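Each residue of the sequence shown is one higher than the one before, starting from 770 at the first, in the numbering used here.
Since the hints were derived computationally from the structure, they do not count as laboratory data. Check the hints yourself; a few may be wrong.
What the hints assert, rightly or not - Here are the simulated EDC-like pairs of lysine to aspartate or glutamate, each with C-alpha atoms no more than 20 Å apart in a straight line:
1) K949 to D915
2) K949 to E930
3) K882 to E813
Just so we're clear, the structure is a prediction, and the values are computed from it rather than from any experiment.
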Amino acid sequence: MSDVGFGTGKVVVNRAMSLDGFIAGPGHAMDWIAEYLTAAAVPEVMAATGAMLVGRGTYEVARRMADQDTAYDGGAQFVLTHRPPDEPDPAVTFLTCGLEEAVATARGAAGGKNLEILGADVAAQCLRRGLVDEILVYVLPLLLGDGVRFSPPSLDRIDLEPLNSTQSGAITMLRFRVRKQARPSV
770 MSDVGFGTGK
780 VVVNRAMSLD
790 GFIAGPGHAM
800 DWIAEYLTAA
810 AVPEVMAATG
820 AMLVGRGTYE
830 VARRMADQDT
840 AYDGGAQFVL
850 THRPPDEPDP
860 AVTFLTCGLE
870 EAVATARGAA
880 GGKNLEILGA
890 DVAAQCLRRG
900 LVDEILVYVL
910 PLLLGDGVRF
920 SPPSLDRIDL
930 EPLNSTQSGA
940 ITMLRFRVRK
950 QARPSV
């Protein structure tokens, strides 16, 4: 369990991914995910989630997809950003603090449930700093060929322990525990 935050919930990087390792297509397109993965497909994940922490880029993509009926109830929503939008979004709390404080704030709001980390950059930062307990990946049956990779090339090796794998229709779900390593001194 991560040493940041409150309650018993875990910090979980949650990702849908193409078979060739992309979490978004060219131009950050994510509409392909809704073709396979709906909220109804993962009710146990939604039930275990109390809050979500996302980066600004992921937030903007989700806003553009709002008309696609991709509703996902992951609890309180937090966006970590350097620049909050000019017009506030009443459904979202924008955070401009440091990463550890953002994770602690979102975990506190999760009420003992899991905190989902969404977004390539925020997830990579959390992994680098040893703040992630688990990674949950939905592998979808398509090849995108280009886009945003699962992890940036700058991410160092992180050892994982397989917890389980399940298949539901066309979706293969993989769950891993992040093996904790000594946190780098800052």
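Numbers of the earlier hints that this structure fails to satisfy, in rising order: 1
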